[in-house]
Amino acid sequence: MSRPRIFVPRDAGALAVGADEVERAIAAALCRRGIDAEIVRTGSRGLFWLEPMIEVAVQGARIAYGPVTSADVEALFDAGVLEGKPHALRLGKPEEIPYLKRQTRLTFARCGIVDRLSIADYRAHGGFKGLERALSLGPAATVEEVVRSGLRGRGGAGFPTGIKWRTTAQAQAPQKYIVCNADEGDSGTFSDRMIMEGDPFVLIEGMAIAGMAVGATKGFIYIRSEYPHAVETFGRALAAAGAEGYLGPRVAGSAHEFDIEIRVGAGAYVCGEETALLDSLEGKRGMVRAKPPLPAHHGLFGQPTVVNNVISLASVPIILAEGADAYAAFGLGRSRGTMPIQLAGNVKYGGLFEAGFGVTLGELVDDIGGGTASGRPVRAVQVGGPLGAYFPRALFDTPFDYEAFAARDGLIGHGGIVVFDDTVDMARQARFAMEFCAIESCGKCTPCRIGSTRGVEVIDRIVRGENQAANLALIEELCATMKLGSLCALGGFTPYPVLSALKHFPEDFGAAPDRAAAE
Amino acid sequence: MSRFETWNKDRAREIIAQHAEQDGAALPILHALHEAFGYVHRDAVTMVASALNLSRAEVYGIVTFYHDFRSTPPGTHVLKLCRAEACQSRGGDALAARAREALHVDWGEITADQRVTLEPVFCLGLCACAPAAMLDERVFGRLDAQLLDTLLSATRQL
Ligand SMILES: Cc1cc2nc3c(=O)[nH]c(=O)nc-3n(C[C@H](O)[C@H](O)[C@H](O)COP(=O)(O)O)c2cc1C
Ligand code: SF4
Chain A
1 MSRPRIFVPR
11 DAGALAVGAD
21 EVERAIAAAL
31 CRRGIDAEIV
41 RTGSRGLFWL
51 EPMIEVAVQG
61 ARIAYGPVTS
71 ADVEALFDAG
81 VLEGKPHALR
91 LGKPEEIPYL
101 KRQTRLTFAR
111 CGIVDRLSIA
121 DYRAHGGFKG
131 LERALSLGPA
141 ATVEEVVRSG
151 LRGRGGAGFP
161 TGIKWRTTAQ
171 AQAPQKYIVC
181 NADEGDSGTF
191 SDRMIMEGDP
201 FVLIEGMAIA
211 GMAVGATKGF
221 IYIRSEYPHA
231 VETFGRALAA
241 AGAEGYLGPR
251 VAGSAHEFDI
261 EIRVGAGAYV
271 CGEETALLDS
281 LEGKRGMVRA
291 KPPLPAHHGL
301 FGQPTVVNNV
311 ISLASVPIIL
321 AEGADAYAAF
331 GLGRSRGTMP
341 IQLAGNVKYG
351 GLFEAGFGVT
361 LGELVDDIGG
371 GTASGRPVRA
381 VQVGGPLGAY
391 FPRALFDTPF
401 DYEAFAARDG
411 LIGHGGIVVF
421 DDTVDMARQA
431 RFAMEFCAIE
441 SCGKCTPCRI
451 GSTRGVEVID
461 RIVRGENQAA
471 NLALIEELCA
481 TMKLGSLCAL
491 GGFTPYPVLS
501 ALKHFPEDFG
511 AAPDRAAAE
Chain B
1 MSRFETWNKD
11 RAREIIAQHA
21 EQDGAALPIL
31 HALHEAFGYV
41 HRDAVTMVAS
51 ALNLSRAEVY
61 GIVTFYHDFR
71 STPPGTHVLK
81 LCRAEACQSR
91 GGDALAARAR
101 EALHVDWGEI
111 TADQRVTLEP
121 VFCLGLCACA
131 PAAMLDERVF
141 GRLDAQLLDT
151 LLSATRQL
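From first to last, the protein sequence lines stand for chains A and B.
Per the working numbering: the first sequence ends with 519, consecutive numbering throughout.
Per the working numbering: the second sequence ends with 158, consecutive numbering throughout.
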């Protein structure tokens with residue numbers, strides 16, 4: 001019999017609920033029982049309510065157990081965990097768990113399955129096929145393949161990735177850059193983190209393809225400081241990829257040069273905005289730049305630069321490997337391919353759900369997410385991070401798609417959904433949106449810098465019942481000014497959560513419940 | 001014992017020199033100083049400025065712009081509690097109030113015994129296991145009053 005393998009996630013989400021303690025207990029149990037087995041550290045499958053979820057390989061299949069605590073480990077071994085034997089925590093084949101079975105895992109195909117730091121494992125699971133095909137296609141055809149896939153930026157703005165690449169490819173300059181935006185600041189999102197910790201090579205491969213395609217020899221990845229585990233894992237992955245010749249002067253034996261350097265953010269949300277991020281990389285305060293010039297022409301250190309989100313870049317290898325049409329076959333309307341949706345907050349089955357665009361908000365929250373973790377009714381969900389709108393149940397028929405959300409004064413952003421139960425105070429949430437904007441404003445625009453602080457005060461007055469009609473009119477006027485007078489989406493979109501809370505939940509502001517309807 | 005070294009100019013000079021050659025060196029230098037000392041000492045501002053050929057005002061501007069950088073030494077332990085929406089939805093605000101009360105501090109302050117600095121953080125990416133916290137380098141999810149109390153008492157013992 002071959003050496004048994006036990007898979008234990010090392011994703012920060014699993015660590016936060018005791019995965020390292022479980023790993024230590026397993027190592028001790030193996031030692032005590034004199035069993036020679038290999039413990040493989042993986043990413044997370046993204047079923048966080050089951051974390052720490054461990055797996056064993058039995059006759060070529062995986063069997064999962066979870067959620068496991070270190071105290072369960074002895075009993076699991078007594079039950080015969082290495083042979084996949086029954087136990088109260090046994091979940092069966094992970095692929096058969098409905099939550100995973102219903103997904104279309106393209107970008108996350110390997111996450112939670114492979115040894116996150118093994119190039120051999122990555123290759124054995126289809127890794128580097130995209131890079132190989134891109135190298136055989138050459139730069140121009142690679143760019144066109146990404147254009148044809150319909151891939152749109154997963155960082156929030158949804159701009160077509162291929163078009164961005166084409167612009168940078170056509171620019172003439174002595175040096176071009178690929179910048180990966182791993183600032184993932186939106187509450188309720190963690191897909192970038194999961195990729196960096198669970199399948200870092202797919203991101204390295206995506207960045208290398210981007211570099212080859214646009215003629216950039218240098219890449220930077222800007223990882224937020226709140227993600228120390230991602231910084232560590234990605235750093236080790238870079239060293240492994242370099243040692244195997246996938247980075248450096250001759251990428252995968254080709255004539256193309258490409259290297260990647262990690263830079264760590266410093267706790268400023270606005271540095272996720274691409275031009276503020278570039279300023280921060282240049283060693284300055286993260287101030288938003290006016291566009292034009294576009295980063296594609298005039299980006300990092302003044303050179304043509306592609307700035308892409310982690311998931312955009314990590315989706316490129318499968319597009320190249322399987323072809324643009326195979327990717328574009330998934331999705332709805334102008335939203336092609338799959339989106340790693342993140343179910344978070346007060347939700348029973350929180351985790352990562354990758355699916356083709358088009359699944360409705362209601363299916364996601366009620367059906368897949370199983371409603372709230374508290375067991376109380378779902379009252380509101382915030383979609384798309386702190387700048388995203390709050391949706392009431394009445395809008396749960398909205399399909400997950402860039403245009404459909406925009407049509408309802410919302411946005412899908414980076415794909416995060418935060419669920420709230422009926423104890424939520426929506427005036428408090430609206431106030432927080434303004435407070436967050438005040439804390440994180442880069443300070444360039446008055447409506448954002450000062451308006452957000454005024455917004456907090458006005459909401460406080462509304463809630464206290466002072467001159468309600470006048471203050472309600474004032475907050476709407478203030479939001480209109482912020483929308484029009486802000487250079488970036490921090491000031492420009494903070495009105496979304498505020499106005500949606502007011503519109504859909506007026507009763508929480510002490511206003512007559514029928515106020516919105518009467519308008 | 002503190003996880004940080006006490007401020008030392010020669011050591012700071014060494015750290016700055018290690019990182020000064022790269023493009024956009026300011027953040028990597030400030031991070032390295034922070035890792036060593038736990039804060040950016042007043043004198044470090046002048047030293048970084050002269051190493052990078054910037055004005056002191058520019059470096060000071062950078063230090064104050066980013067929430068991560070402290071200008072005074074932190075406590076022996078740093079407890080960060082997530083204040084963002086996903087954690088709010090799971091009772092994060094009440095836990096934060098409990099921590100502030102137990103420690104007798106507000107956000108960004110240090111306890112009277114110098115053992116704990118309490119800081120807000122806006123998202124640790126642990127939103128499917130909310131509420132979340134970070135104590136020094138360790139992350140914790142599914143935080144409740146009991147786990148919070150355990151963490152608080154750990155800061156008094158370690
Ligand atoms: C305030 C603000 C914060 C942002 N934060 C992020 C972020 O954390 N990650 C990200 O990828 N994009 C973020 N964006 C969007 C970026 O500006 C940019 O659109 C994105 O990096 C482009 O990559 P993509 O086309 O691959 O999405 C943010 C934008 C704004 C206005
Ligand atoms: S809207 Fe706010 S964050 Fe954006 S550029 Fe203006 S001041 Fe800066």
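Wrong hints could be hidden among the right ones.
With a straight-line cut-off of 27 Å between C-alpha atoms, the simulated BS3-like cross-links for lysine-lysine are [as the list claims (entries may be wrong)]:
1) 101(A) with 129(A)
2) 348(A) with 93(A)
3) 85(A) with 129(A)
4) 85(A) with 101(A)
5) 129(A) with 291(A)
6) 9(B) with 503(A)
7) 291(A) with 348(A)
8) 9(B) with 348(A)
9) 218(A) with 80(B)
Examples of chain A residues lying across from chain B (beta carbon under 10 Å, computed) [said to hold, decoys possible]:
10) 102
11) 104
12) 121
13) 123
14) 126
15) 189
16) 225
17) 228
18) 230
19) 297
20) 298
21) 300
22) 346
23) 432
24) 438
25) 445
What the hints contain is simulated information worked out from the structure, not anything from laboratory work.
Glycine included, each C-beta is placed from N, C-alpha and C at the ideal position.
Handout entry: Violations among the numbered hints
Key = 3, 5, 6, 7, 8, 9, 10, 11, 12, 13, 14, 19, 20, 24, 25
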